[in-house]
Amino acid sequence: MENQESIIKIDHVSFKYKGSTEGLLSDVSLSFTKGETVLLCGASGCGKTTILRLINGLIPHYYSGDLTGNVIVAENNIRETELYKLAGVVGTVFQNPRSQFFSVDTDGEIVFGPENIGLSPKEIVKRKNLAVSEMKIEKLLNRSLFELSGGEKQKIACASVSALLPGIILLDEPSSNLDWNAISDLRDSIRRWKEEGKTIIISEHRLWYVKDLIDRVLYLSDGAVKKEWRGEEFRTLSESEVAELKLRPISLEEKYIDAFTDEKGQITSKQMPAREKPKRNGNLTQASDIGEKVILSEFCFSYDKKHSGRRLRKCIQNGITGECDGLQLCIPNLILPAGKVVGVIGRNGTGKSTFLRCVCGLEKRCPGKIEVDGKQYAGKERLKITYMVMQDVNHQLFTDSVKAEVMLSMEEDDEKRCDEILDRLGLLPFKDKHPMALSGGQKQRVAIASAMAAGAKILLFDEPTSGLDYAHMKQVGDMLKKLAKSGSTILVSTHDPELLALCCDEVIHIESGKLVG
Amino acid sequence: MHVALDPRTKLYMILVVSMVVLMTATTPFLWGVRIFMTLVPITLLFIEKKYASAIRFLIFYGVALVLTFFFLSEESSGIITAILIGYCGIVVQFMPSMITAWYCVRTTKIDEFMSAMQKLHIPNGIAISLAVVMRFFPTIKEEYGSIRDAMKMRGITFGSGNVLKMVEYRMIPLLFSCVNIGDELSAAAITRGLDGNVKRTSVVELKLHAADILLMLVFTAVLGVFVYCKYFR
Amino acid sequence: MNSNKLKAKDFITVGIFTAILIVVEFLCGMLGYIHPYIVASYVIMIPLVGAIPMMLFYTKVEKFGMITIMSVLIAILMFVLGMGYLGAPLIVCAGVVADLIAKSGKYKSFKKTIISYGVFCLWICANYFPVIVTADSYRKDLLDGGYSAEYCDDLFRAINEKTIAVLLILCFVFGCIGAVIGKKVVKKHFEKAGIV
Numbered sequence: 001m002e003n004q005e006s007i008i009k010i011d012h013v014s015f016k017y018k019g020s021t022e023g024l025l026s027d028v029s030l031s032f033t034k035g036e037t038v039l040l041c042g043a044s045g046c047g048k049t050t051i052l053r054l055i056n057g058l059i060p061h062y063y064s065g066d067l068t069g070n071v072i073v074a075e076n077n078i079r080e081t082e083l084y085k086l087a088g089v090v091g092t093v094f095q096n097p098r099s100q101f102f103s104v105d106t107d108g109e110i111v112f113g114p115e116n117i118g119l120s121p122k123e124i125v126k127r128k129n130l131a132v133s134e135m136k137i138e139k140l141l142n143r144s145l146f147e148l149s150g151g152e153k154q155k156i157a158c159a160s161v162s163a164l165l166p167g168i169i170l171l172d173e174p175s176s177n178l179d180w181n182a183i184s185d186l187r188d189s190i191r192r193w194k195e196e197g198k199t200i201i202i203s204e205h206r207l208w209y210v211k212d213l214i215d216r217v218l219y220l221s222d223g224a225v226k227k228e229w230r231g232e233e234f235r236t237l238s239e240s241e242v243a244e245l246k247l248r249p250i251s252l253e254e255k256y257i258d259a260f261t262d263e264k265g266q267i268t269s270k271q272m273p274a275r276e277k278p279k280r281n282g283n284l285t286q287a288s289d290i291g292e293k294v295i296l297s298e299f300c301f302s303y304d305k306k307h308s309g310r311r312l313r314k315c316i317q318n319g320i321t322g323e324c325d326g327l328q329l330c331i332p333n334l335i336l337p338a339g340k341v342v343g344v345i346g347r348n349g350t351g352k353s354t355f356l357r358c359v360c361g362l363e364k365r366c367p368g369k370i371e372v373d374g375k376q377y378a379g380k381e382r383l384k385i386t387y388m389v390m391q392d393v394n395h396q397l398f399t400d401s402v403k404a405e406v407m408l409s410m411e412e413d414d415e416k417r418c419d420e421i422l423d424r425l426g427l428l429p430f431k432d433k434h435p436m437a438l439s440g441g442q443k444q445r446v447a448i449a450s451a452m453a454a455g456a457k458i459l460l461f462d463e464p465t466s467g468l469d470y471a472h473m474k475q476v477g478d479m480l481k482k483l484a485k486s487g488s489t490i491l492v493s494t495h496d497p498e499l500l501a502l503c504c505d506e507v508i509h510i511e512s513g514k515l516v517g
Numbered sequence: 001m002h003v004a005l006d007p008r009t010k011l012y013m014i015l016v017v018s019m020v021v022l023m024t025a026t027t028p029f030l031w032g033v034r035i036f037m038t039l040v041p042i043t044l045l046f047i048e049k050k051y052a053s054a055i056r057f058l059i060f061y062g063v064a065l066v067l068t069f070f071f072l073s074e075e076s077s078g079i080i081t082a083i084l085i086g087y088c089g090i091v092v093q094f095m096p097s098m099i100t101a102w103y104c105v106r107t108t109k110i111d112e113f114m115s116a117m118q119k120l121h122i123p124n125g126i127a128i129s130l131a132v133v134m135r136f137f138p139t140i141k142e143e144y145g146s147i148r149d150a151m152k153m154r155g156i157t158f159g160s161g162n163v164l165k166m167v168e169y170r171m172i173p174l175l176f177s178c179v180n181i182g183d184e185l186s187a188a189a190i191t192r193g194l195d196g197n198v199k200r201t202s203v204v205e206l207k208l209h210a211a212d213i214l215l216m217l218v219f220t221a222v223l224g225v226f227v228y229c230k231y232f233r
Numbered sequence: 001m002n003s004n005k006l007k008a009k010d011f012i013t014v015g016i017f018t019a020i021l022i023v024v025e026f027l028c029g030m031l032g033y034i035h036p037y038i039v040a041s042y043v044i045m046i047p048l049v050g051a052i053p054m055m056l057f058y059t060k061v062e063k064f065g066m067i068t069i070m071s072v073l074i075a076i077l078m079f080v081l082g083m084g085y086l087g088a089p090l091i092v093c094a095g096v097v098a099d100l101i102a103k104s105g106k107y108k109s110f111k112k113t114i115i116s117y118g119v120f121c122l123w124i125c126a127n128y129f130p131v132i133v134t135a136d137s138y139r140k141d142l143l144d145g146g147y148s149a150e151y152c153d154d155l156f157r158a159i160n161e162k163t164i165a166v167l168l169i170l171c172f173v174f175g176c177i178g179a180v181i182g183k184k185v186v187k188k189h190f191e192k193a194g195i196v
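Chains H, U and S are the protein sequences, given in the same order.
Numbers 1 to 517, taken from the numbering used here, label the letters of the first sequence in order.
Numbers 1 to 233, taken from the numbering used here, label the letters of the second sequence in order.
Numbers 1 to 196, taken from the numbering used here, label the letters of the third sequence in order.
Don't take every hint at face value.
No more than 30 Å apart at the CA atoms, straight line, and that leaves these computed lysine-lysine pairs for DSS-like [what the hints assert, rightly or not]:
#, chain 1, residue 1, chain 2, residue 2
1, H, K198, U, K207
2, H, K85, U, K141
3, S, K103, S, K63
4, H, K16, H, K126
5, H, K305, U, K152
6, H, K128, S, K9
7, H, K16, H, K305
8, S, K187, U, K141
9, H, K246, H, K194
10, S, K162, U, K165
11, H, K246, H, K474
12, S, K9, H, K85
13, U, K119, H, K85
14, H, K85, H, K18
15, H, K380, U, K141
16, H, K364, H, K431
17, H, K364, U, K119
18, S, K60, U, K199
19, H, K136, H, K122
20, U, K199, S, K184
21, U, K50, H, K380
22, S, K5, U, K165
23, S, K63, S, K9
24, S, K5, U, K199
25, H, K433, S, K5
26, S, K5, H, K18
27, U, K50, H, K305
28, U, K49, U, K109
29, H, K18, S, K103
30, U, K207, H, K433
31, H, K139, U, K207
Derived from the structure by calculation, the hints contain no laboratory data.
Turn these sequences into a full structure, and let the hints steer you where they fit.
Here it is as structure tokens:
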């Protein structure tokens, strides 16, 4: 290592969370020098987040457990330093943009930290203005945080950390809930911090967007640092080496981004490069030569209640010419191959989620009809043949055991069928466990199991792989393929190109509520 | 036009309004005062460009008033009238304070609120808790929206007719979500120095402007009129 | 780190659960204007439904003050939501006593938790205070305010100085019952899931 003074020193630290074996650390010694940018990578549960929590003091002051060893951050022994004293020293950007803001308005959120540490109002205003102009978020000022998109919230979170002027900035999987454009904004923020000479530590699964920024990479596994690379070395790792470590590709995604975006970073309708096209069933299937079909028609929708009736009708009339401005969704006609995985791509806020909500019948006013197996479903009937696995799957688990969850969806209890479904999804060992005690991926599968029990023919997935590591992402991909093989039609909205490459037979692209390409 | 009222003025408005709603109007004059008092926060909502809610309140309150005055009387009976009376009752009786509360909550930033609390010497802990309550109402709404969607997809909105299940299916996911969000929120707030022994500062400088003083006087007068008519006449 | 001083985390927890409780109260309250007897049945509904979040809340209480602060918050919010200030002393008293009872069980004893929650539920009766304290004028007010004589009679038959004692007792009893049910729900879900 370079012989510069170290700003963070982790000295023979072991840690175990109270009542959990996840994310423990065993005898970790690390040191970080001032001004370097370090990436922590490894599978989920490997201890990345734990290391960040040691540095920002949340361990041991917020999360309790058995801690041995010492952590020194900018000459503060963390164990003896009150958290508020670290506020101006270490700043942290967390994973979930929804839960990390305290205020209701953007301005209040940016000045929240400085106010807490008791700076003078004049100084706070100065810092706020600085942070705002640096992040170019003038447009977001004076807004309610609840109206902002995930990416915008994350920008405010960055600004709010920036305003405290910490020398050390930690980022805990900050890109999990962001789309490509938001990620590139995030990358700009990190770059700016780096130029200002801050010490930056990033824990992340998605490697492509940070790869050019990092000076050093630490690979963790089972609570210990197993490998270490310098930035240049890391960038030259081959695809197979990376895959062996169960990391997400370092550069694969960028290929996709180049394919999907033009210079301005806007996603365009260019098709995926030929060689990245889904392997089986090679070419994008032409609607006309599919055997089994799922036909979606008249999927138009506007959140504006006042005009929707008139506009929606108009939209249907003009359906073929596609003249329907002002609608959040306007897909007059779409033919999907049954029993296939169809990826739905597009930027955040361009209609992907609206499309899924309409297909599964959550938006009652949407006149869309679905034709499956020669039968047409509209209105509330759509709810019966479709099921959406939501991005936050926690919202859709209601009962106290996996078995009960599946039974809840059956009209008549059928234990044998329940076991069958659970077995197919590999959930049988967890039959009597509480769904909320399971891991994220298992919860997703429980939700799928309940959908299958209800007899859903079309399964919709809303960003099923956001925030997942490579292994889990691959699991999801394999599962989707398996589900399709067994006859379900799968629609998956995602901005995870690796998932697209892994399992999607066809990709549809939605922009401003319309199909493109 | 922009009127940025001091949070203390808003609190005072709430105080007066909630006192007045307990002293129901008995004469047309008092009704007039009461309606006037209700129109103030509605007007303020218009000024703050919250047209939708202002108009909604105006219509709601207006309809309830008309119904109460012209269609319902002591002699009315029947279930629908009873329900109607009930709802008109609540609207006419408590709407003023609900409108005022709505106006205050919607137009006060947590930041302002915290510094007003500080100025009024309310302990920091209570201020933090109250701020969290205010932040959490929209969160609960959001989370509940998703849960309701999920229930629709599962077809269990009515819990198969079992009231207990209806409550359970809503409450459990909501609590799980809220606890999670709360944990993450605490962590994020603490790393930004919320737990400090330092006296919190604020960029919001609270100052009573002419509008504040005017409103305070108006509301004091309203209160005075009611107290006078009620207890001294 | 064993100080008994409340920390930001505790205040945030209190805030979250207060928000949930107020939402519960508000939803139940909406039903109340259908018929006065439903108003009286607050003492059954709110303790029962509120028990689920509250029992979860009790598992997070470890220091004196959290329940007290919650009652102060409720008093403030009830005031802001137009329920007046007459009930505030009752709400805060119920909170302090509930807190003391729970404290005597070191916030662990389940029996003490039941009683504590029962006492805490007495705050619900604060909703009736305007009716009782200003009974005569309130009746007149209601009549003038357009309520039917029938509604008023029912209301005052259900809620007056005599029945308030019954209502308080009901609150307590259903609080205790709610606590037992709530605890079961907490066990069934949150303990099983390993959250608490």
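Taking the hints in turn, this is what the structure says about them:
no., hint, verdict
1, H/K198 <-> U/K207, "violated (38 Å)"
2, H/K85 <-> U/K141, "violated (35 Å)"
3, S/K103 <-> S/K63, "holds (8 Å)"
4, H/K16 <-> H/K126, "violated (41 Å)"
5, H/K305 <-> U/K152, "holds (20 Å)"
6, H/K128 <-> S/K9, "holds (26 Å)"
7, H/K16 <-> H/K305, "violated (52 Å)"
8, S/K187 <-> U/K141, "holds (26 Å)"
9, H/K246 <-> H/K194, "holds (28 Å)"
10, S/K162 <-> U/K165, "violated (35 Å)"
11, H/K246 <-> H/K474, "holds (10 Å)"
12, S/K9 <-> H/K85, "holds (16 Å)"
13, U/K119 <-> H/K85, "holds (25 Å)"
14, H/K85 <-> H/K18, "holds (25 Å)"
15, H/K380 <-> U/K141, "holds (23 Å)"
16, H/K364 <-> H/K431, "violated (34 Å)"
17, H/K364 <-> U/K119, "violated (49 Å)"
18, S/K60 <-> U/K199, "holds (27 Å)"
19, H/K136 <-> H/K122, "holds (21 Å)"
20, U/K199 <-> S/K184, "violated (43 Å)"
21, U/K50 <-> H/K380, "violated (34 Å)"
22, S/K5 <-> U/K165, "violated (39 Å)"
23, S/K63 <-> S/K9, "holds (12 Å)"
24, S/K5 <-> U/K199, "holds (17 Å)"
25, H/K433 <-> S/K5, "violated (37 Å)"
26, S/K5 <-> H/K18, "holds (22 Å)"
27, U/K50 <-> H/K305, "holds (18 Å)"
28, U/K49 <-> U/K109, "holds (16 Å)"
29, H/K18 <-> S/K103, "holds (24 Å)"
30, U/K207 <-> H/K433, "violated (57 Å)"
31, H/K139 <-> U/K207, "holds (27 Å)"
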